[in-house]
Each structure stands twice: as structure tokens, then as C-alpha cells.
Amino acid sequence: MTRNAEGATIVAASVLAGFAVSLVNFARDRSIDAQIALTFLVFLMAFGGLHLAVRAFAPKATPLLLAPVAALTALGFFQVYRLDLALGTNRAGLQRWWILIGAGVAALTLALLARRSISVLRRYRNITLMVSFILLLLPNLPSDWGFPLRGLEVNGSRLWIILDVGFTSLQFQPAELAKLGLVAYVAGYLADHQRALREARRHLGPIRFPEPRQLIPLLVTWGISVLILISQRDLGASLLLFVGFVLLLYAATGTTGYLVTGTFLGLVAAVASFLAFGHVERRVLAWLSPFEHYQDEGYQIAQGLFAMGTGSLTGSGPGLGRPDLIPNASTDFIFAAVGEELGFAGTVSVLALFALVVTVGLGIAFRSRDTFRKLLAAGLTFVLAVQTFLIIGGIVRLVPLTGITLPFMSYGGSALVGNLILIALLLRISHEEAP
Amino acid sequence: MNGPIRRLSVGIFTSFFVLLVAVTWIQVINADALKADPRNSRPALADRGKERGLIVTIDGVVVAQSVEDPDDPRSFIRQYPAGEAFAHVVGYNSFLVGSSGLENAHAGDLRSKRDLTISDLVTVILGRDLRPESVEMTIHSELQLAAYQALGGQKGAVLALDPRTGAVLASVSSPSFDPESLLGPDTATAWESLLADPDRPLSDRATREIFPPGSTFKTVVASAAVDTGEAEPSTVFPDPGQFELPGSTATISNAGGGVCNDGQGITLLKAFVVSCNTVFADLSVRLGAENVGITANALGFNTDIPFAWTIPRAAYPIEDLAEDDAALAQSGIGERDVRAAPLHMAMVAAAVANDGVTPTPYLVNRIFDADGNTVESFQPSPIGRAMAPATASIMSQMMERVVTEGTGRAAAVRGVRVAGKTGTSMGPDGLPNPWFIGFAPVEDPQIAIAVLIEGGGDLGESASGGAVAAPIAARLFEVWFQRSP
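Protein chains in written order, with the working numbering: chain V, 2 to 436; chain W, 105 to 589.
With the rest of the complex left out, here is chain W (with noise of 0.2 angstroms):
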């Protein structure tokens, strides 16, 4: 009877290591597989109430902490005390609705590294610190705060650069939201209303959205035919009042709606100073898409430019303009399809005021550990070379002048030479984008800027960059000058 029993023994310690087969399949090989599967809630309800690491601006200003639950000792909060302003940045991290902004992209440093069970210990003995560790912005809390406060709940957005490293020194999107409203227990509601709001709150107006860039694009163009020497200031170009675009009935006309200087002719300088579509749109064509395109791509068009989060790219479609004159024509003057986010805009302002080399933006200046010590930093190379020094400094005087003398007079301030241009595409819903981009002092540029109002802001369809945008610029120009050391 020994006999079966035994057989029956090998069958069952024969199932038994099927078992322990299909155990390490789950537990060993397939596990991070499991782990990582969107429906299974473990590892985010792990992370769920448990200290983050700090997020300061670059002059210590604290926009994102973790305190200890009053109702909780041993879950934290987490705090936005800076609210608003710094929302798009900063961003949330919400168990029921997931996170974003630097919350997102830098959770992996953000996160504890406490797991409450004896690998804490072996942590501790290797001599690794269990507190998280935190991450410092290049963004200027003074700056950051104006520039929102400049928007005054207008639609759009603010980007500004040191255009010497491309640290981002504010960047801000306006109608924005209370981050700490989708942590608590209204976050499905607050969800919902942020969702269906038709200013979409949520959206990062300054880094995640383009826009034509409308005549700010001219400083792209002017640069073109300055850098291949197609032009130079003094170079005198027709006059017309209109401008019929090549194989077609429609044509250009300039926004005042006459001629932009005489009639008979008008320098490159005064065209651009006074914004002239109609030479533009003439230059363009000139030039001809594969020129513009060289600069374009080196300002960062066409590009997927390395930044905190992904961007979209800024566009300037150079084979289909090639192709087609009139097309061309229209992204002479920032129309058609050309698109550009305030943050490629800024780099274009930026790339003019750092003798013609286009700085890479970035977003977070160091990540330090709970004792202040610095862990990693970050300074990325430039893009490139966009254009000659010497096309740099014609852009920056020209752009100066348009300041001074032009459209962008409502930039000016006193004591401090700026530089900028202005610009008002046309949005799909009709109304007007008014832009304006510009760096300041001209001498020594410290800030680059770009400024965007979505659908005219306040002024609405009789909005203009000048009108609108460009006293923006000057308000964060004179914050800039004047903070505190």
C-alpha cells in the first residue's frame, strides 16, 4: 500500500511546487508589472499622507510644504501657501485626480523615502537620509507675484527669462486655480467646476499652449534678413498701402489700414519700429521659408525644446511654405500657421539679448536635502547659436527704438533702456492676442520677457500688443529693478 501512497506523494509535493512556481511568477517576476498596473491603487494610497519635500522659489520663498494633520499626527498635508500665482508651476499632487507641475515632475525627489518597515533601518545604517529631499525653482517670488497681479484676471499669460542661462524667473497663466482646493474633500467638485470652466483655469497658458505669435514673429524675420544679409536698417523698401499675396486676390494691409511711412518707401528700421505688415509680408518672401527657417529653428521652432514638463513645439512649417508664397507671405507678420508658447517667444527676446545664442529654459535651479545641502543643480547648455553677434546687437537697437519711438512706448521705463516689440494676432474666435517681447537694460540684458492676453483681455476686439500687453512688460521690469536684493 506503500507503493501508491508514495506516487500520490510525489503528485502532491508536485502541485505544491506548481505553487511555489506560480508565486515567484507573481511575487518576483511579474511583480513590478502588477505594481504598476493603473488599477491597482497600492503604491499611490502608499505615497498618500506622507511627507513631501519642500518646493521654494530661488529667493526662499516657500510655495509648497508638507505640515503634519491636525486630525492625523502621523499623515501630513500638503500646503500651497503661495495659492494662485505659482498654481501652473507648481502644481498639485491629489490622490483622486493625479498630479502635475513640478509636483509631477519632480515626484520622484519630492517623495519619502520612509517606508515604515526595517529597509527604513538598513537606509538609516548605509547612512541615507530618510526625509525627502526638495526643490528649488529659478523663479523670483516677487516677480512671479507681480506678473500675475499684472494679468489682473485676464486670459494669458507671462514668461520671463534671464536671458544669459534661461532660468525662468516667473511664469505665470492666467485665470488660474487654488491647488489646495483639489486636496480636500471637495476635490471631485472643485475637479468638475475647473473642468467645465470655459477660461480653461487649468491649462499652462505660458509653457503648454501656442498661440500666432503675430508681429512678434517680425523680430524673427528681421533677424533672418539682417543674419543673411538680405537687409540691413537703412535698406529701403516699398511703400504700399496693401500687399496682394502672390497667386491670389487677397491681400495684407497694415494695421492702421494706410501706408506705413510715405507711400514711396520706408526702411527696414522704421518698419519694423512702426510694425509695417506690408514690407514684412514683401520680406518674407524674399528671404523665402528655407532662411526664415534656419533662424526660426535655432530661436527653437521646431524643436522639442528639454524642459521640465513636455512643451509643444513652436511651429514654422518650413516645407509647406516653400511651397507657397502667399502662405509665406502671412508668416511674415506671425500668421497662418505659425504658432509659438510665450515661453518660445521669451527664448526668441532672450536669443537677441544674449548676443545672438539661444539659451535653454529651465524650471528648477538645485534639489537639496533636509539639510540644506545641495544634491543635484542644473544649468543647461545653450540651444545654440541663432545669429551673429552683429545681427544681435542691429535686433537689439531696433528693438530698442521700438520702444522708444514705436509701438512698444508703453514699455518703456524710466531709467532703464528696454528693448521689445509688439505684436496682435488674429485668434480663431476673431478676437485679438496682443503679444509684446523685450529684454531689459539693453546694455546688459538681465530679463527677457514675453507677454501674451488671450482674446484682447479687457480691451478686447480693439486690443492691441502696445495697448495691452506692453504696459505689463514695463510693470515687471520696474519690479524687477526695484527688488528687494
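If we strip away everything but chain V, and leave its shape as in the complex, we get (with noise of 0.2 angstroms):
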């Protein structure tokens, strides 16, 4: 696939987030109006703008990571736009302008990494960290100070901050973006010590693991981040950055070791957790049987099933389902929401895209030669595929409900931007990589 045929593609999926948007106007009030236009022009400058960022400074990059996306994004927005027709909300001109804004971030990356090749977040990585920490805890800031800067609690998760700006004010996750420089650092880190790590030279019992100073940096990052996220009472990330971390450690040293360790205290975590907060409990049992505790718990999940199994294999088509039937559709149940309104077709779409932007995000990390770049890669897409899995599988009922986002698809400007940056750490890596 050439870079024109990308151009093709992005264009496509600006037609159908367009096209998507005004047959849920049309089913719905038998008229289409500007929506559409500004729909399709919306995707076209931000994923063309994106297209030609990717041209001017990373050439070289394949052409196959930013079509799917775009389409993921089309898929989500237009159920986002759905669903604000039924329940009389506003998101989705919201979300326009975070699908503008993240595309314009991830373009202002790669102009950023162009003259200085995506190696200077090996060298600056404690500089990484830091400000990774700090995002991590401005949501902890007062929320009723005079600073235009104010920590935020949401549903009893302390996870946003507000910044005032005169006539507006805007929300954001700063975990979005300390996920991406997390993962940033641990891969700096493990390129520079991975002999040493692989270097199990100490016992105990069967086990063998290596000095523990070499390990000691790694293990202080991730407890200090784990626990700032269960203090904000965010268990979704911290659950994602958990298995990120063991993940990549593995891929870096290849010792079995770690994935067995990793398991078992996440299997601990677990359990504590289920015994120190209520509502993890009451995610396990919503999990467990949702519709023996659907008057309360079970209802989100009961709703998200009946969703998907009355939208069977074609869907109610746009506009014509209840999506709007299950709390949250916007944002945990998205995925619920495309299933009942375009079916078994919708939902296979969804998953084949995801895996599509997966097996090139993993591409991109068999093909690097450089020890950073091949763990920042794997790095970054085993993060956004455990991700994925998470919040899907907890829909389908294969996992507990964990609470995060489905990227690209679901309401959130944080995220979005986000996610869109770390594409556009893959593109660089890529291209940096290309032959």
C-alpha cells in the first residue's frame, strides 16, 4: 500500500463517518442537514492534515497505521453522535474538536521528533518520568483553589483536572498522556539494562532473578505510579499499566520468570483490591452473573448483551436501536453500542481493525533494529492491545468490567489525544526504522 492509497483510504473513512452520521439523521428525522459536511470535512482535515504530517516528516513511515484509525475513530464518533440524539447531549461537538485537536497534537509530534529522531526520549527519559509522575498527580491539586488549574473527582475517581481559559474551561485525563511516557521510560530503561536483567544470577528457591538493584529502578516507577492511580482510584490503569510493565519487561529479557512473578502479584493485587474496595466486588459479581443482579450492579452488562444480541448479525441499523438503553454507552459501552446498530458486521469490523492496527504496531517492533525503538513499539501496542482487550472483554463478560475507554471509539478528548499520540510514535519509529 503506497502512501496515495493511505490518502484514499483516510478519505474513505471521512465519507463514512459522513455517511454513518446521516443515515442516523435520516432514520431518525427523515432530513439530512449539515451534519454530514461537517463530519466528513472534520475527519478529512484532521486525518488528511494527519496524512500529510506523516508525508512531510516521516516519510518513510507505513502507510497502513493511520487508515484503520480512522476509521475506528469514524466508527466511534458516529455512535457518539447517535447516542447525543437520544439522550439530548452535546458530546459529540465536543468531540469533533478533540478528533481536530489530537490530530493536531500527534501532527505537532512528529514535526517535533523530525530533526531529532525519537532516540531523545531514550536520553531524556528521567525527564520523562518526572513529568510523567506529575501528570499522574495533578488530578490530586484542590479542586476549590483560585488556580485556574483545579483537580477534579468524578463518581468518587479522582482522575481529571479542569484548566480555566477565560471563556471556556477545559477537562483532561493526564493519565492519558503519563501512560505514553511511562511506557516511554521502562522502554529507556530495559534498552540500556536489559543484559543485566536477563543476567539472572541470584536464587531464591527455584526462582532466579537478577541483582536486585538492576531491578530496583523498574520495581520504584511502577509502584510509585500503581499507587498513585489506586489512590485516585483509577484500577482500569492501573491494571493496564501493570500488565504493560510485565509485558515489556518479558519481551526485553525473555525470561519466563517475570511473566509467572508478574502473574502472581497481579493475581495478589487482585485480591486485595477486591477486599479493600466495594465496587470491585461488585464488578466481580455484575461479572459473574449479571442478570441475577440486574436491578443494580448486573445492569450495564445485562443491558450491553441484550444490546448486542438484539442487534444479531446485521444490526437495527443507524439510528434505528436503543443504544441509549445502557448507562455509559458513550463511553465504556461503545463497543455494545456499534454491535446492537450494525450487528455481528459491525462488531467483527471493529475487532478486525483493532487487530489490524495491532499486528502493524507489532510489525514495526519485529522490524527495529535498535533495542529502544523495538521495546518503545512493542511497548506502546502491547498498551493499547491490552487495552482494547480489557474494555471489550469486559462487555462480552470474558473479563471483570475494569472501567477504561476503547480506543479511538470512545467519548473522551484525553484519551483520544492520547492515543493518537502514541500512532504517531509508531509512525516515527517506523520511519526511523524503515530500510
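It cannot be assumed that every hint is accurate.
[Stated by the list, open to error] These stretches of chain W come out as covered by chain V in the derived footprint (C-beta under 8 angstroms, 3 or more residues):
1) 106-113
2) 119-127
3) 130-137
4) 278-287
[To be verified] Simulated DEER-style distance windows between Cβ atoms:
5) W:G256 <-> V:L286: 33 to 43 angstroms
6) W:S485 <-> V:L399: 15 to 25 angstroms
7) W:A148 <-> V:R56: 44 to 54 angstroms
If you're looking for bench data, these hints aren't it; they were derived computationally from the structure. These figures come from a predicted structure and were not determined experimentally. Yeah, the Cβ is synthetic: ideal placement off N, Cα and C, and Gly gets one too.
With the hints as a guide, bring both chains together as one complex.
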């Protein structure tokens, strides 16, 4: 696939977004309004612009990555728009701005890295780490002080910051960016210390592990970030980071002991949080038997299953189902909403597109010769894949629901910006490692 | 380093594959079960506001229709222009409280095929019609409205059949309700007050409730007696003032309290015409439960009658009665554990009118598409022969004498030969349930009727079938034979 074909596919994804929105309009009002043109133009500007940025700053990057991301964003946006109409909210308008902002920041990332190579992230990894910690801690700012940057507590979780900029205020989840910084730090650290970490000289019974001083910076980083997230009650993100770290550690060393130890520690943490947090216990109950707890904890999962089952093979059609019956459909349950209106055809398409993105990401990692770039590409892809698996798996009852968002599709600006930067980093690595 | 990454990739793709399996399970294999879960409101919501087919009477009066919602041009609202007289037959299709009657029984035909997706286009290309189909009932609107008016708000029911085919010409239950009150914003309030009403307006007394048929059941006993040769109209029976129940000190007495004739003897004909209880208690024991039961079963008792909806079984408990002569004697006058809905008793009259063959009652004549073409028509075959044609002829003569000179004189209509039988059974509340069953004209029967008034109606304790139910039947015969062509 050539760069031109990528451009054509992006135009097609923009048409898809506009067309889906107009189908929703037509089904509900028997009319087509300016939304179709507006949506088409926003997608064309955002992903067309990103495409041009790749041409300018990373011309040798793979042309396979941007198009599926644009298609996933289009599928997600159409459901956010559709749920707006049913619920009387105005999230699509905001989401359109976030798509533009996200694409702009991703293009900026490409531009900044164009002259310096991505190795800056390895060289200045301690700065990256500090910035990530600060980002993670920002929501703990007081929510009632006079300063324009404040923390915000939503549903008992402290994940948000508000930035007042005169006429309006922006809400952001800084953890979505910190996630990238932490992966970059760990990839950098592992690239420098992988040999030492691979030589497990110490013994503890049958388990062999390397010199403690080699592991300590990693454990401290991991411990601090997970502790911060747990204190903010963002258990989904802590789980994501934890799994991402363990996978990256194994990728760097090939030592199966890390996987075993990681799984063991993960189970301990899961049991501990089950005992410590009431809402974890409720979520496990809802996961095991959503229909027995239909009136309370299980309601969301049951509605998600009803939505997907009613959608069956071809779905109700855009605008013709009732995804608005699922609580928080546009954030947590966008996958089930797509499953109701586009049916099995829609959900399989979404899974295929994610599989394509992950395949391309892993391909970049395979082909990279430089250790840091290889580990960074692998780590970013792992985070994306694990996040996708956790949320879809939660909806289809493979794992308990963790309340993290579906990349590119869920409503939410911070996640979109963070994930588009992630794609920009993958594109940059792909460019630098191109033969 | 590519080794571990490759192994992790395998893990990632395996877990994505597991997601695919789970999605397949939910959306393909288990989809129908999830769709049908009663807690899943999506299918009901999808039907809401969609166009439904018409329900019309055999004479072309529209009793249920969908019109465009004036507030929302994309949505339809259901109307029942004929209102209360048709409420139990037509039923309602309410989002909040579900559906009933033909709206429920023929929901699959009445439902719109349109689902506003690409599949509509496929359907049109295949040459199928997206517009909903409509239901044509066998009910005749004039007769139905006349029956509802004749009941005059009394608790009760009227059921009229064409004895030759079983087509239901009228099926009315009173008191009734306005089905449109269950569609609007006040549905919940209306539903609550209908449920709380002690007169149970939602209940269909014509087809879904069974009552002791009283002396109208003597038609069944007399038919069995004539058919088996046990008696003929001229057979003379003893005429005591009281009939002592076998193995008991209790007695059965006659309606007037005295003897039926002269205290010496009485013919079967005379006993039938004046509705003599002592004779039929006696006759019932002489015939035995087995013999009465054979006739009763062939008339539709103890049988699941196929109908638009499930109707309760009419009861004549043969095995119990075979061991209990006292109960058998009481059953001979339609009391004790004998039960029938007006529908069943109309079938009894219809079988006599139809030369002894019991017709299968049916409510829907045909299903037609939006262009008026018949999609499916119905004409069920009869349940079977209940008595020999000669027996039916004798019974017909005896029933005519009931109207010309007996308890059913109030059912007489000028210029039409009417046959019938009255009855007054005792309800659990001590109030009488007056009955009348009959048909006309005797020489070529076109209509068979059962009328039931629950709790005596306006006359209360002093009500009898001849005084309360028979005049309503007369009114219906009049309407039927003067109906507009």
C-alpha cells in the first residue's frame, strides 16, 4: 500500500463518518442536514492533515496504520453522535474538536521528532518520568482553590483536571498522557539494562532473579505510578500499566520468570483490591452473574448483552436501535452500541480493525533493529492491545469490567489525544527504522 | 528479543480470537435468547409507533386502525373507533400493559414488516409488500353493537354463531372498557382502576369465563336421552314435588316449588318446556354419567376448543359423577360441577340447529394484504357429530315449544320461528345467573345464540333466564333478521 492509497483510504473513512451520521439523521428525522458535511470535513481535516504531516515529517513510515485508526474513530464518532440525539447531550460537537486537537497534537509530535529522532525519549527518560509523575499527580490538586488549574473528582475517582481559560474550561485526564511517558521510560531503561536483567544470578528457591539494584528503579517507578492510580481509584489504568510493564519486561529479557511473578503479583493485587474496594466486589458480582444482579450492579452489562443480542447479525441500522438504554454507552459501552446498530458485521469489523492496528504495531517492533525503538514500539502496541482487550472483554463478559475506554472510539478527549500521540510515535519509529 | 515479542504476539492474537468467539456467541448463537428475554425492552420498543394492520368486521366496519400521529409524522397511533362493544374481541396493543384479543392473537400478521433498514429494500426487490396485513373478523358489526346495547351495562355476555359454519357473529362481554384508554399517557392510571374494578371489566365473560349452565344443560341431557333411546318426547316420567338425592337427605325441587304437571306423570316434552328439575335429575341418574358424557363431549365439553386464544374447558366431570349419583342428579340440571362459557353453550344450540354436528367456532374470516387480496382464509372443519340428525330434529321441535309455550316465551320474535332453552344457575354469591340459548329460524337455522347475565343483572335475586336473558336473545334475532343487506 502506498502513501497515496493511504490518503484515499482516509478520504473513504471521512466519507464513512459523514455517511453514518447522515444515516442516523435520516432514520430519525427523514432529513439530512449540515452534520454530514461538517463531520466529513472534520475527519478530512484531522486525518488528512495527519496524513500530510506523515508525508512531511515521517515519509518512510508505514502507510498501513493511519487508515484503520481513522476508520475506528469514524465508527466511534458515529455512535457518540447517535447517542447524543437520543439522550439530548452534545458530546459529538466536543468530540469533533477533540479529533481536530488530537490530530493536531499528533502532527506536532511528528514535527518535533522530525529533526531529533525518537532517541531523545531514551536520552531524557528521567525527565519523561518526572513529567509523567507530575501528570499523574495533577488531579490531586485542590478542586476549590483560586488557581485556574484544578483537580476534579468524578464518581469517587480523582482522574480529572480542569483548566480554566477565560471563556471556557477544558477537562482532561492526564493519566492518558502519563501512560505514554511511563512506557517510554521503561522502554528506555530496559534498553540500557536488558543484558544485566537477563542474567538472573540470584536464587530464591526455584525462582532466579537478577541483581536487585538492576530491578529497583523499575519496581519503584512501577510501584509509585500504580500507587498513585490506586489512590485516585483508577483501577483500570493501574491494571493496564501493570500488565504493560510485565509484558515489556518479558519482551526485553525473554525470562519467563517475570511473566510468572507478574501474574502472581497481579492476582495478589486483584484479591487485595477485591477486599479493599467495595466497588471491585460489586463489579466481580456483575461480571459473574449480571442477570441475577439485573436491578443494580449487573444492569449495565445485561443491557450491553441485550443490545448486542438484539443487534444480532446485521444490527438494527444506524439510528434505529436503542443503545441509549445502556448506561454510559458512549464511554464504557461504545462497542455494545456499535454491536446493536451495526450488528455482528459491525463488531467483527471493529475487532478486525484493532487487530490490524496491533499487527502493524507489532510489525514495527519486529523490524526495528535498535533496541529502544523495538521496545518502545512493542510497549505502545501492548498498551493499546491490552486496553482494547480489557474493555471489550468486560463487555462480552470474558473479564470483569474495568471502566477503561475503547481506544479511538469512546467519547473522551484525553484518551483520543493520548492514543493519537501513541500512533504518531509508532509512525515515527516506523519511519526511522525503514530500510 | 523478537522471540519473546513473537510469543506475546501469539498471546495477543489468541485473546483477540477469544473476543471474536465471545462476540459470535452473543450476537449469533445466543442472540435469539437475548432478544426474547422479557427484561429486554428493545423488540417492544421497535414495534412501538409502527403502523399496524386494520381489524375489520365481516360487513366492512373498521374497528382497529393505525393513523399518523399528529405530533410526530413518523409515528403511528392505534385507534379503536368501535370502542367498548368490541374491546374484548379486538383487544388492545399497549406498550405499557401488553396486548390482548385479536391484537395479540394475530400480532404477527398485523405487525409492520418495515424496519427502515437495507432489508426493506431487499424485501421490496423480492416483490413482497412492506405494508402490514389486516384481519377480517367473522363478527357482524350491527349484531355486536346491538348485543352490547341489549346487555345495557349488566354483567354478562352474548355469543352468537352461524350454526352451519361456526363463524362467530357476535361476542360481547359486559361491563367493558375503552381500549384507547390503555394507549395514552394515562395508561397506568386507567389500568390500575380497571384491575381494581370489582365488576372485572377486563375479563371476557363470553369466551374466557365458565359458569354453571343451569337448565340450559337440560338440552344436553335430553339430547343424550333421545339419542340413546332412553326416552322420547312422549315418554312419561313421575312428577314428584321433590327429587330425593340418592344416598342423601337433600332434595332437588322445582322452580315454582311444587309439582311440574299434575303430580302423577309428565312427558319429557312437557318437562323440557317447563324446565322441570325433578324429571331431569331423575333422567340424569337413569342415563348415567357415561351416556350424558358422550353427548356432552361431542358438544365440546371436556375438550380444548381451538380458537383465536386459549379458552377454558367446559366441564362435565364424567369419572367423578359415575361414582356419585347425588352429584349426577344435580348435574342433570346444570349445577354442581358442570361449567361452560357462553361460547360452549352457543355451540350446544348450534349443534342442534346444525342437524347434530357441532361446528368449530372461529373469529377470523381471513387475513388480507394492503391491496385487499386474501392472504389466508379460515374455515375450520366441525368438531364432530354430537347426535343423530333425527335426534337434532326432535330437540329442535322441543326447543321451539319452549319459546312458543314454555319458559322462553320472551325470546319469541314475530314472523320468525325461534327455538331455545332457558336456564337459571346459582352463582357462588347466592345470586342467579340467568341463561338463554337458542337459534332461529327453526326451518333453516342461520344464527345460534347464548346469553348469560351474571348475578341476575338489573333484576338481582328474582332474575330468571326467561325474564332476563330471553328478551335479549329476542332483540338479537330481530336485529339479525332485519339487518341491512
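Now for the hints, and whether the structure bears them out:
For the region 106-113 of chain W, the stated coverage by chain V holds: 7 residues have a C-beta nearer than 8 angstroms to a C-beta of that chain, and at least 3 were required. Under the rule that three or more residues need a Cβ within less than 8 angstroms of chain V, the assignment of the region 119-127 of chain W holds, with 7 such residues. Counting residues of the region 130-137 of chain W whose beta carbon lies closer than 8 angstroms to any beta carbon of chain V gives 7, which reaches the threshold of three, so the coverage claim holds. By the rule of at least three residues with a Cβ nearer than 8 angstroms to a Cβ of chain V, the coverage given for the region 278-287 of chain W is violated, with 0 such residues.
Separated by about 59 angstroms at the C-beta atoms, G256 (chain W) and L286 (chain V) break the suggested range of 33 to 43 angstroms. Between S485 (chain W) and L399 (chain V) the beta carbon distance is about 56 angstroms. The supplied range of 15 to 25 angstroms is therefore violated. Range check, A148 (chain W) to R56 (chain V): about 53 angstroms between beta-carbon atoms, so the 44 to 54 angstroms window is met.
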